[in-house]
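These protein sequences, in sequence, are chains L and F. Here the first sequence is numbered in this note's numbering, starting from -18 and rising by one per residue. Here the second sequence is numbered in this note's numbering, starting from -18 and rising by one per residue.
The hints are simulated quantities; they were obtained by calculation from the structure and are not laboratory data. Honestly, I wouldn't trust all of these hints.
Put simply, identical chains are the same to the list, so a pair is met inside one copy or across any two.
[Unchecked claim] With a straight-line cut-off of 25 angstroms between C-alpha atoms, the simulated BS3-like cross-links for lysine-lysine are:
| # | residue 1 | residue 2 |
| --- | --- | --- |
| 1 | 202 | 167 |
| 2 | 202 | 173 |
| 3 | 121 | 173 |
| 4 | 202 | 109 |
| 5 | 109 | 146 |
| 6 | 167 | 141 |
| 7 | 30 | 169 |
| 8 | 141 | 2 |
| 9 | 109 | 169 |
| 10 | 109 | 167 |
| 11 | -8 | 218 |
| 12 | 141 | 88 |
| 13 | 173 | 129 |
| 14 | 121 | 109 |
| 15 | 29 | 129 |
| 16 | 29 | 173 |
Listed here are the chains, written in short residue letters.
There are 2 protein chains.
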Amino acid sequence: MTDTVIYPNEKIEDLQVGGLKIIQQTDGYRFTTDAVLLANFVKEVKGKKVVELGSGSAVISTLIAYKSKPKSIAAVEIQPSLYEMSKRTVELNGQGDTVKIFNSDIKTCHEILGGNYDAVVSNPPYIKVGSGLPIENETKAIARQEIKITLSELIETASKLLTSKGSLYLVHQTERLSEIFCEMTKNKIEPKEICFIRPRINQTPNLVLIRGRKNGGLGLKILPDIVIFDDNGKYTKTVSDLYGERND
Amino acid sequence: MTDTVIYPNEKIEDLQVGGLKIIQQTDGYRFTTDAVLLANFVKEVKGKKVVELGSGSAVISTLIAYKSKPKSIAAVEIQPSLYEMSKRTVELNGQGDTVKIFNSDIKTCHEILGGNYDAVVSNPPYIKVGSGLPIENETKAIARQEIKITLSELIETASKLLTSKGSLYLVHQTERLSEIFCEMTKNKIEPKEICFIRPRINQTPNLVLIRGRKNGGLGLKILPDIVIFDDNGKYTKTVSDLYGERND
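Just chain L, same shape as in the assembly (with noise of 0.2 angstroms):
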């Protein structure tokens, strides 16, 4: 596992749990707790067929590979840098049995993968084109603004590629949650389980983590929320616990 290439620009950070590692850029598009948190929302997945769309560095599908032994995890990432970046990821953990990266864009990936996966995992950019974000770094700006894939291209291709009864567990921010079940809605997700987070126990959710349902019957649930930090500044127990061994 030591032979894998590590260039000057990135840095191995270790995800604290299962000894995981992950290949990071430096300069660039890194990984955040909302990634980590989608990981572990992702649940019955075991000995199952999954997509991860715009997989990045690779951490969430390198986190539920470990955690929820699914059968095979298609990641796909249209950047080749870090397409590139995320297939030595796979190599330096050992689980090039179980996840796959493909080289592709995300409104066509469904003729490389075909169809009737059992879930499809997304923590997409999050910010519509033209709302003002700088571009610092343009692999940055692809994994957080909707320059190659908008919210509603994302949802259609999930529909594709899942199973009737299938999942799609995203991640996104809150002001958008309408936006989300409309699209879900109108390919034919139904959504079905909600998460907000919450940066502090006294603010109110930025974030929200959604499981919709292709063909699933109405009805809502709401979620206990997720609070990151603490009044301290510290993760909370229910944060800190997904770092496992990370914590005392």
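Please arrange chain F on chain L, whose structure you already have, making use of the hints.
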């Protein structure tokens, strides 16, 4: 004001706000805290034209007329017994110049009321027909179940009544949040603010207050949750404050 007729199956209740009274049936439909929360969620209607859809005992219109000083409220109620009873409530409170009750089907009330209203307010039936809820009493059943009006029909009418940039205020069950957002969006009412209602601090929300804006821009804001009961089963300060003078 003491000349108002009260029937044997009715009771005058004190709203504990500004000396307002509500006539309620002792054996039929009765308003709930949901109505009081909705009335207090309505904002910026001073001097404006308001419609209430499905006004029941007219408790919401009564509270808004007192607290928010709108120019007018047209309250629409399909059930003749509630229409007649709520007319007497308006008389009892001396609010006849502001609140007019219309005995009409919500689906066609825009033909009588016209359009260009600044706000539409509704605490509609929550439950789909056929969900197995028993019908103990017809008046109650119509108030609680979608027998005379569906969510979709209600929002369609609201959109016809609203002026551009006017607001729709609803209270509903959280499990129907996705449907509400999609019906609003379909009818060009953009969900702008939601406020979740939790029975107790450690319980997940079961109700939600929603403000949508006709032809509004994208972007949903989540307001701080309202918690109904404290650990001792008493109203929290937030809720008891809504009942005005009742509290210490």
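Hint check:
In this homomeric assembly, residue 202 and residue 167 come within 25 angstroms of each other (Cα to Cα) both inside a single copy, at 19 angstroms, and across copies, at 23 angstroms. For the homomeric pair residue 202 and residue 173, the shortest alpha-carbon distances inside one copy (6 angstroms) and between copies (21 angstroms) are both at most 25 angstroms. Neither within a single protomer nor between protomers do residue 121 and residue 173 lie at most 25 angstroms apart by alpha-carbon distance, with minima of 31 angstroms and 29 angstroms respectively. Taking identical chains as interchangeable, the C-alpha atoms of residue 202 and residue 109 lie at most 25 angstroms apart only when they sit on different chains, with a minimum of 17 angstroms there against 27 angstroms within one chain.
Taking the shortest Cα distances, residue 109 and residue 146 sit within 25 angstroms of each other only across copies (23 angstroms), while inside one copy they are farther apart (29 angstroms). For a Cα distance limit of 25 angstroms, the shortest separation of residue 167 from residue 141 qualifies both inside one copy, at 12 angstroms, and across copies, at 23 angstroms. With identical chains, the CA atoms of residue 30 and residue 169 are at most 25 angstroms apart within one copy only, with a shortest distance of 20 angstroms there and 38 angstroms across copies. For a Cα distance limit of 25 angstroms, the shortest separation of residue 141 from residue 2 qualifies neither inside one copy, at 32 angstroms, nor across copies, at 57 angstroms.
In this assembly of identical chains, the alpha carbons of residue 109 and residue 169 lie at most 25 angstroms apart whether taken from the same copy (23 angstroms) or from different copies (20 angstroms). In this homomeric assembly, residue 109 and residue 167 come within 25 angstroms of each other (Cα to Cα) both inside a single copy, at 20 angstroms, and across copies, at 21 angstroms. In this homomeric assembly, residue -8 and residue 218 never come within 25 angstroms of each other (Cα to Cα): the closest approach is 27 angstroms inside a single copy and 52 angstroms across copies. In this homomeric assembly, residue 141 and residue 88 come within 25 angstroms of each other (Cα to Cα) only inside a single copy, at 10 angstroms, whereas the closest approach across copies is 37 angstroms.
For the homomeric pair residue 173 and residue 129, neither the shortest alpha-carbon distance inside one copy (27 angstroms) nor that between copies (27 angstroms) is at most 25 angstroms. When the C-alpha separation of residue 121 and residue 109 is checked against a cutoff of 25 angstroms, the pair qualifies only within one copy, where the shortest distance is 14 angstroms, while the shortest distance between copies is 46 angstroms. In this assembly of identical chains, the alpha carbons of residue 29 and residue 129 never lie at most 25 angstroms apart, being 28 angstroms within a copy and 45 angstroms across copies at closest. Taking the shortest Cα distances, residue 29 and residue 173 sit within 25 angstroms of each other inside one copy (20 angstroms), while across copies they are farther apart (38 angstroms).
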